[in-house]
Amino acid sequence: MDFALTGEQLEMKRQFYEACIELEKLKPEGFAGLESWYGSDEYFGYHRHCAKEFAKRGWLSLNWPPEYGGTGTIIDVALFAEARGYHDIPGVDPFGVRMLAPTLLAFGSDELKRKLLPAIASAEATWCQLWSEPDAGSDLASLTATAVRKGDELIVNGQKTWTTGGHKADWGFGVFKTDLGAPKHRNLSFLVVDMKTPGITVEPILFMDGAHLYNAVYFDDVHVPAKNILGRENEGWKVFNLTAGFERSGGGEIMRMQCMLHDLVAYCNETRRDGKSLACDPLIRNRLSQVACEVEAARTLCLSVVDLQSRNEMSLMDAAGIKVFSSEVGQRLASLATDILGPFGQVKFSKWSPLSGVWEKEYQNFMRVIAGGANEVQKNIIALYGLGLPKAK
Amino acid sequence: MDLRYSEEQKILRNTVREFAKRRVPKTLVRELEEDAKGFSTDIWKEVANLGLLGCAIPSCYGGVGASFMDLTVLFEEMGRACIPGPFLPTVVASLTILDDGIEEAKASLLPDIAQGELILTIAALESEGITGAKGINVKATPKGGNFTVRGTKFFVEMAHVADRLLLATRTTNGKSAEDGITLFVANTRTHGISTEVIPTMGMDKLCEVRFDDVILSRQDMLGGTDEGWPIWQKSLERGALIKCAESVGGMQACVETTVNYSKDRVQYGNPIGSYQALQHIMADMWISMQTSRYLTYEAAWMESERMPCAKEVSMAKAYVNEAYKYVTKWGVRLHGAIGTTREQDVALYYRKAKAADTVFGGTDYHRDLVADKMGLLRDS
Chain A
0 MDFALTGEQL EMKRQFYEAC IELEKLKPEG FAGLESWYGS DEYFGYHRHC AKEFAKRGWL
60 SLNWPPEYGG TGTIIDVALF AEARGYHDIP GVDPFGVRML APTLLAFGSD ELKRKLLPAI
120 ASAEATWCQL WSEPDAGSDL ASLTATAVRK GDELIVNGQK TWTTGGHKAD WGFGVFKTDL
180 GAPKHRNLSF LVVDMKTPGI TVEPILFMDG AHLYNAVYFD DVHVPAKNIL GRENEGWKVF
240 NLTAGFERSG GGEIMRMQCM LHDLVAYCNE TRRDGKSLAC DPLIRNRLSQ VACEVEAART
300 LCLSVVDLQS RNEMSLMDAA GIKVFSSEVG QRLASLATDI LGPFGQVKFS KWSPLSGVWE
360 KEYQNFMRVI AGGANEVQKN IIALYGLGLP KAK
Chain B
0 MDLRYSEEQK ILRNTVREFA KRRVPKTLVR ELEEDAKGFS TDIWKEVANL GLLGCAIPSC
60 YGGVGASFMD LTVLFEEMGR ACIPGPFLPT VVASLTILDD GIEEAKASLL PDIAQGELIL
120 TIAALESEGI TGAKGINVKA TPKGGNFTVR GTKFFVEMAH VADRLLLATR TTNGKSAEDG
180 ITLFVANTRT HGISTEVIPT MGMDKLCEVR FDDVILSRQD MLGGTDEGWP IWQKSLERGA
240 LIKCAESVGG MQACVETTVN YSKDRVQYGN PIGSYQALQH IMADMWISMQ TSRYLTYEAA
300 WMESERMPCA KEVSMAKAYV NEAYKYVTKW GVRLHGAIGT TREQDVALYY RKAKAADTVF
360 GGTDYHRDLV ADKMGLLRDS
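Line order of the protein sequences matches chains A and B.
Okay, so the first sequence: first residue is 0 according to numbering that gives the first Met the number 0, each after it adds one.
Okay, so the second sequence: first residue is 0 according to numbering that gives the first Met the number 0, each after it adds one.
Misleading hints may appear alongside valid ones.
Claimed, not checked - With a cut-off of at most 27 angstroms between alpha-carbon atoms, the simulated BS3-like pairs for lysine-lysine come out as follows:
id	chain 1	residue 1	chain 2	residue 2
1	A	114	A	195
2	B	372	A	275
3	A	12	B	174
4	A	275	B	133
5	A	392	B	262
6	A	275	B	328
7	A	12	B	372
8	A	390	B	328
9	A	275	B	310
10	A	390	B	262
Stated by the list, open to error - Computed footprint of chain A on chain B, listed as stretches where at least three residues anywhere in the stretch have a Cβ under 8 angstroms from a Cβ of chain A:
id	stretch
11	46-52
12	218-227
13	363-377
Treat the hints as calculated values from the structure; they're not laboratory data.
Predicted model only: the values in this text are computed from it and were never measured.
Ideal Cβ positions, reconstructed from N, Cα and C, are used throughout, including at glycine.
All chains should be modelled from the sequences, with the hints used to inform the complete structure.
As structure tokens, then:
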């Protein structure tokens, strides 16, 4: 049992952190977290700039097979995610790079691979994900958007929701019903869609704090080439399951928590209340260190998942476990941080906001506990597929 | 990075599992809890003969020469099996002697420890139950070339059968509590040492040990006069880590038992394990166990590689203390009323979890250390 990184991995880690430190200097004011990436033209421009810088170094295709330009392993991918997470640097398209590229490599036709992979590696194309629908969230397989065959085309109709960055995307991937007669799970196909195709309308869905990340995407007789199917027609559920499993380790989010914790510690050292620094308050010390232990526990569990991924041994249970634990720690941390800030915890990014208002934002962020498979569903997965507990009759 | 068990570690795990299956059924564990001695000399000897007591003792002293990481894996299995006996304190004390004892002490004690000929324990806590330097006040007064020790230690595991005590005393009231601590390896048969078993929830023979003008010599000292604190700190670190490993093993047993019970137990026409409320609790139990496992393993790896890891050790102990109690609490509750009975394994682990949380430092003690290490400054 060995936690050590190799010399090459340590060198890559150094390069990742070095690049992120440089890019951090260009970060616009108030930029914080995934919400910001698509939130304004200025922020999106910063994301695209970072993407181009990473593309130049070949870092958007790190663990692709060598014949497609890959130079590293999943461990390098994880180390890169940690560096970006710690410095809160955008630039890696979560959909194109982290989800679609490996799916294309596994299920895409040669034509599709040739057509789409280069633009992902070069950061020329931005992607979005067309999964959920108003009546199909956790129960995605019950979706109703259709893609009906007509010659060598599919005619797509329906509505997708929670599409992150859909308003900025060049391409989207998703699952649609292609066989209206077949039973659930056997009636879906995984498609890639050019977001500029006529008939597609994108409308914003705003968070409680007004941030624009999500969109509703409407399909009105949209013509998609049938060769845009990944894997086989009506076997899209299998492809979906593979895609959903990528990049589960979440090391970037954990490092972001660590960084925010560091900033919070500095804040507690510098801020006085009732004649003493916050850092002296025994209650704050105890609660902060409790959360710090939990963040560290998340980090080590994440390492164990990356280790399993490096040998293709990660199970559904392993992926679900780190997802649940890390996201719950994130919510506890945000809750504690806003407690410590007292009434200033509610202040938006402004001249009055402590720590650039990052905790006011984070407190309203439910993404990690709900998105990507709500935690309650993840616990079902752990129970049923991991612990082997029986299904209710 | 490769977090799989090494081949040696797999052998260690299997050795303990097989041994426990064959020789240490839970009925025996419960019997020994009621027994005045609290452990079986035969089992103690058999464990020694398997090389387990000498696991991390170098071969030049009669041990196996395995790593601290290997020792961690060993104690995880010991915790899962719940084998009664002074294994943990003996091993932790032996590592202190190995790292900081003079050659004479090492040569005379370590081979006997590896063979199972000597039982050691650690006399740490006193009447206020404080783990840190402030809690060490048993007085050792220089007299002639010797020291006279006066005071009482509490919760000394298996002191009533131990041959030697690793003892922390105060020789000087220095500027800070950490100055003025002196360590001894005391022979329990020294005149003036008396022991009484305190009845405790864990039924693990934690003793009150009184020192009535006990004379210890310079030869019994470990480290220099007033220089014991760094050695003691290191000892606490190792002990905390091994205790964490033991706790992870206990959590494993508890999760397995609970999941299996819930598959068999039928109520309202279904196995109770099919009910979502219970499924979610068991998922949370599994997560608590897995996070405890890797937090412990990383710190143990750092310790094994001789990297400074005081923060990581304290993080592990603070976290695992609470996780073990959580997992065992729900283990009992998911068994329903039967979980509260003497015959149930989960009830045993529940009690052990409470016993584990104050050994080598309670949660708040370790959280305070973490607070320091993470940079929360106290006002000067």
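Each hint tested on the structure:
Proposed proximity of residue 114 of chain A and residue 195 of chain A is supported: the alpha carbons are some 16 angstroms apart, at most 27 angstroms. Of the supplied pair hints, the one linking residue 372 of chain B and residue 275 of chain A holds, its CA atoms being roughly 20 angstroms apart against a limit of 27 angstroms. Using a Cα cut-off of 27 angstroms, the hinted pair residue 12 of chain A and residue 174 of chain B is violated, with the two alpha carbons roughly 44 angstroms apart. The suggested pairing of residue 275 of chain A with residue 133 of chain B holds, with an alpha-carbon distance near 24 angstroms, which does not exceed 27 angstroms.
With a C-alpha separation of about 14 angstroms, the suggested pairing of residue 392 of chain A with residue 262 of chain B holds against the 27 angstroms cut-off. This hinted pair does not check out: residue 275 of chain A and residue 328 of chain B have alpha carbons roughly 38 angstroms apart, beyond 27 angstroms. The hinted pair formed by residue 12 of chain A and residue 372 of chain B meets the criterion: a straight-line CA distance of about 24 angstroms does not exceed 27 angstroms. Restraint check for residue 390 of chain A and residue 328 of chain B: satisfied, since their Cα atoms lie roughly 24 angstroms apart, inside the 27 angstroms limit.
For the proposed pair residue 275 of chain A and residue 310 of chain B, the alpha carbon gap of about 25 angstroms is at most 27 angstroms, so the pair holds. Using a Cα cut-off of 27 angstroms, the hinted pair residue 390 of chain A and residue 262 of chain B holds, with the two alpha carbons roughly 10 angstroms apart. Using a Cβ-Cβ cut-off of 8 angstroms, 0 residues of the stretch 46-52 of chain B lie near chain A, which falls short of the minimum of three, so the contact claim is violated. Here the stretch 218-227 of chain B counts 0 residues with a CB under 8 angstroms from a CB of chain A, which misses the bar of 3, and the coverage is violated.
Against chain A, the stretch 363-377 of chain B contributes 10 residues with a C-beta closer than 8 angstroms to a partner C-beta. That satisfies the three-residue criterion, and the hint holds.
Of the numbered hints listed earlier, those contradicted by the structure are 3, 6, 11, 12.
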